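4 protein chains.
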Amino acid sequence: MLVVMQSHATDEQVRSVCDKIESLGLKAHPIPGAGRTAIGITGNNGAVDLGILESLPGVVECIPVTKPYKLVSLDVKSDPTIVRIPTPSGDVLVGGEHLAMTAGPCAVETEEQCLAIAQQLKPTGVRLFRGGAYKPRTSPYSFQGLGLPGLKILAQVRKHYGFGIVTEAIDNESLDLVEEWADVIQIGARNMQNFSLLKRAGRAKKPVLLKRGMSATLDEFLMAAEYVMSEGNYKRHALRTRRPHLLRFFPQHPRPGRRARRKKRSHLPILVDPSHGTGKRHKVLPLSRAAVAVGCDGLLVEVHHQPEKALSDGMQSILPTEFAELLSEIKQIAQVLHRRVN
Amino acid sequence: MLVVMQSHATDEQVRSVCDKIESLGLKAHPIPGAGRTAIGITGNNGAVDLGILESLPGVVECIPVTKPYKLVSLDVKSDPTIVRIPTPSGDVLVGGEHLAMTAGPCAVETEEQCLAIAQQLKPTGVRLFRGGAYKPRTSPYSFQGLGLPGLKILAQVRKHYGFGIVTEAIDNESLDLVEEWADVIQIGARNMQNFSLLKRAGRAKKPVLLKRGMSATLDEFLMAAEYVMSEGNYKRHALRTRRPHLLRFFPQHPRPGRRARRKKRSHLPILVDPSHGTGKRHKVLPLSRAAVAVGCDGLLVEVHHQPEKALSDGMQSILPTEFAELLSEIKQIAQVLHRRVN
Amino acid sequence: MLVVMQSHATDEQVRSVCDKIESLGLKAHPIPGAGRTAIGITGNNGAVDLGILESLPGVVECIPVTKPYKLVSLDVKSDPTIVRIPTPSGDVLVGGEHLAMTAGPCAVETEEQCLAIAQQLKPTGVRLFRGGAYKPRTSPYSFQGLGLPGLKILAQVRKHYGFGIVTEAIDNESLDLVEEWADVIQIGARNMQNFSLLKRAGRAKKPVLLKRGMSATLDEFLMAAEYVMSEGNYKRHALRTRRPHLLRFFPQHPRPGRRARRKKRSHLPILVDPSHGTGKRHKVLPLSRAAVAVGCDGLLVEVHHQPEKALSDGMQSILPTEFAELLSEIKQIAQVLHRRVN
Amino acid sequence: MLVVMQSHATDEQVRSVCDKIESLGLKAHPIPGAGRTAIGITGNNGAVDLGILESLPGVVECIPVTKPYKLVSLDVKSDPTIVRIPTPSGDVLVGGEHLAMTAGPCAVETEEQCLAIAQQLKPTGVRLFRGGAYKPRTSPYSFQGLGLPGLKILAQVRKHYGFGIVTEAIDNESLDLVEEWADVIQIGARNMQNFSLLKRAGRAKKPVLLKRGMSATLDEFLMAAEYVMSEGNYKRHALRTRRPHLLRFFPQHPRPGRRARRKKRSHLPILVDPSHGTGKRHKVLPLSRAAVAVGCDGLLVEVHHQPEKALSDGMQSILPTEFAELLSEIKQIAQVLHRRVN
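Protein sequences, first through last, are from chains A, B, C and D.
In terms of the numbering used here, the first sequence opens at residue 1 and continues consecutively.
In terms of the numbering used here, the second sequence opens at residue 1 and continues consecutively.
In terms of the numbering used here, the third sequence opens at residue 1 and continues consecutively.
In terms of the numbering used here, the fourth sequence opens at residue 1 and continues consecutively.
Bear in mind the hints are in silico, worked out from the structure with no lab data behind them.
Owing to the predicted nature of the structure, the values given are computational and were not obtained by experimental measurement.
It is possible that part of the hints are untrue.
One copy or two, it doesn't matter: identical chains are merged, so the pair holds either way.
As the list claims (entries may be wrong) - No more than 27 Å apart at the CA atoms, straight line, and that leaves these computed lysine-lysine pairs for DSS-like:
(1) K199 / K77
(2) K122 / K199
(3) K27 / K309
(4) K122 / K159
(5) K20 / K331
Just chain A, same shape as in the assembly (with noise of 0.2 Å):
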């Protein structure tokens, strides 16, 4: 924390400031420049709130140095995290060099739509397969979902194709379900921010897959995952190096520069949802070769065998076919990076 002072401040109140700082066991440093003087503090692990020095008397702000999140930042582990996600055809890397591919429609509507669609999807060679039993949707006339035979729909794929299971707990209750049934817990943009669902989630088994939420800053969406990881499976985890948890950014707009910046703040995976974060099937392609070329580790795609008659997200969904052209083409892309695409 780095306190500024007015320019006109007195002696007394810049001495006055320190001594409220000291008398709250941190240390304070007043640096006096030509037009002003600014005071550091160093000691503090987080526990003080600090802000209520702005109300002290010459002082103009307060501004934050130390990032508050801590397991999740590269300060901690400077080497990207790989994560490992178990199926029946043995596990998909994400992270590093491996860039990992999941598709489906975006609910789980029948088993024949499913099962339809992994059938097509198995020979593109994506080993990941998303699909939602649970379904947050903005008006409650819309359709919420199966629930858990939605879920056990999901485990017939998996059974039947190979693939590794991909899929959305929205409360306490269905994120017991999706740890039992699926391979990947996946938690939606709107509850990024649901700090009991997200501590639930910390203590679950499996990787975790977090939504970054509509407008939330890059801060906000690390220390959501912080909450993730502070429920202490992270250690246990990475000892195993078997299950760190993991990451992903979803910006309603995904934009490269922010992606880009992840190099300097945390050591997760990033995957992007070009469906959601597009809204439109044309701009589908576009935006998965963009957020490869920027470095993301992987992309979350929807696709569907009857996108006309899809139940939700029909407009943003792509068929297989595209989606093998798509698959294609980011595999080209991919190389410029000198990485692979699992």
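Given the structure of chain A, go ahead and fit chains B, C and D onto it with the hints provided.
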């Protein structure tokens, strides 16, 4: 829904879009213009996702016309809803000509703290007391609230000083307890689209205070309120004209323009939180004045007897004496609008 | 400027950053903390771009501490500036305890229109008249203003009814004419960072009313005002205490929180435009009340005697009789803040 | 335009709105729905401001249907525009299958600097050179550019190395000089809605490169381009198929989604500025890859041979050798899209 065709769309393309619309069981109304044709659609009760029309040849875009919310809208109920909050000292009314004030600390810290604040607030005439027993905090390392013991402290405040109690629930488990121990159930900004929690709140027998998400649009906010109302309690309550649900706008930076707009959208009362809305103590008074001047139905103000020792939000809390002054100014401004402060 | 080092930065990296700072003629102040080292920099008068330090090994980021504006800031002048606008009926004061009202049509359309509006406004007591002779319009096909003949119509309004005239300049050529014919030179929101125009305005002998750009930050806005002031007129005027430049905040969606902040940043008066700020006639009154309640120094209100026939902005214009009611409510609210309406 | 009526609007209110529409010389098309009536309007060429309909009884809102731009839209010209920029080494093409690269320093500082950078850029094959002689800076105390002497230095670069020259004009006076000395006239982001300057640029005989304002919507940006085109040069140039105006998108944070949308809106080519778009040197390469991957028509990259000594934007400038690597990666990605880099 209105489908806008390209200016060079052929007659055949227009016909083909109309056919598609009618095949969905809806009615198409082509409007040929000088520059282009637009096609109106009627008969849609919200169940059909018309976005897919955008991918038909010759279509520029689809413009939604009808708002997706029903129960919260002025279309269903054109007079302002007046919410009654039962307290030991009689009902507090919110809405219509009635402005309701709520005051209290950000977090319940100790019994001593809450009783001291309540004692100092009592003489101001404010009748609703706020304070969080469950605290959604950005950092997992910050104070997370006392939980059930905190609710019991709030019950002491009700018993000793006659206040109605407003407090937040953060998941289904805490909602059960808040419904039992408090008078108004608050759903926080970060949970505004936690649909699982909204449905549970909609089944509760106490009024619900819903905070607007940080960057939620007005439509998203009203749809969240629709989730609460659609659980059916609304109708029963309306019959008894006792406990219709209470809606609270919570803009991060409250904007008069937005609030003024309510009169065109919803019949539900709107409360403003000048403390979280600004985050700075010295802005609480000016914003409170503005909120009342623009026509809000009440305020929630963070008040602490020792802000510099507060475990959270000390920066934005004002003293009980400052709250008394605020109340005095607010009353004068309310008079200009012919409204009365409860 | 504060340079934040990585938590695992080596002593050598810290020393190397300090050396770089001192090689630029500045002074480095390392602050070793428990987690990491930060380095304060003093002695920079703004000429050195320190951003390049961010690319040195071990550096996380550079945080600017000093604000880049000087003349507009409270550091240079801590009491509020009171601007005097000379009119045929004596000076109108803006700032301090003085609230100034301005009213008139969006655009000067005809002499009859302006004189009719002025005649109906006169009895309300408002003393400044606004109206555009040069109209920056989003579309090249919209009415672009009358130009010089429009300025001459405004001069008729001044002559016949004694109003001071506020009108906009859009380029260097029109600014010469506005300076000659009007009393206050307005720079529009879209030209807020037209630095060439700002410099020319800074050399004018009349007060300048600067509108805030649609999405300009407060810092950007104050830097634009700094451009006007830095042209030197400020000092001369200040000596004569006659015509310091007038600053006007113009948020697209005016926010009380923002305006309240001014007291911490600049000594210049702030005016609010409730007509462009909302764009809707029915929101002009509520926003006007809120703007005064929050502490602004004046309002600019679009008034038209025949809004449905206005060539521009008819939607947001109110009638002269409605303006009289607005003024009456405003005066009551101003009293609560111990301010007087000119 | 579509007028949406309230669900409880009376037949008389609907009829009254239709009468008003027809009294304005337009045609009304009422569309009665189950819930409410909407009224389509045709025959409006843009001259009538229909917003006033919103204040009629029974009206909820007016939704614009037709886009206000014409010449820049795909409705007028459905094939992509290919701009030819004449240089001493032959025309450089931009648009269609042609990707154009531009490189050079942020500001022209000295003749030595520009010639040194040009010499090092020459071998990479890039054919357009950028550099500012007029610099719009946020602070009046920053380096403001060399002016005319700077333009003469750029002419040296053209003469010695055969580059086409791209440089910015900031007002009518500098535009006259830029038109005389350079090959492409750039209008900066802050002047995107400086309509006086846009009109002057529209009368120039050289291609115009228009930067998108910081937070301008796509519609606002295209309307600004419409200002340039509506000055008539477009048609004359189009006849000669030599110098149609060049449009450049300049998002502060470039977003693939947005750019992808162009294909649905305008025929003009889009260039991306990865240097100003990110503001950080280490993000220039990833964003350049993404911009090409998503389908842009060219890049403008800030290159400096001594970034740490640059008078402006040193932080975001890359070295000529880094530019060569960037170009190599870009070419591989362009191949995936079947495009060629000029």
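Against the structure, the hints come out as follows:
When the C-alpha separation of K199 and K77 is checked against a cutoff of 27 Å, the pair qualifies only within one copy, where the shortest distance is 22 Å, while the shortest distance between copies is 41 Å. In this assembly of identical chains, the alpha carbons of K122 and K199 never lie at most 27 Å apart, being 35 Å within a copy and 38 Å across copies at closest. Proximity of K27 to K309 under the C-alpha cut-off of 27 Å is restricted to the inter-copy arrangement: shortest distance 19 Å between copies versus 64 Å within a copy. With identical chains, the CA atoms of K122 and K159 are at most 27 Å apart within one copy only, with a shortest distance of 13 Å there and 59 Å across copies.
For a Cα distance limit of 27 Å, the shortest separation of K20 from K331 qualifies neither inside one copy, at 58 Å, nor across copies, at 37 Å.
The structure shown violates the earlier hints numbered 2 and 5.
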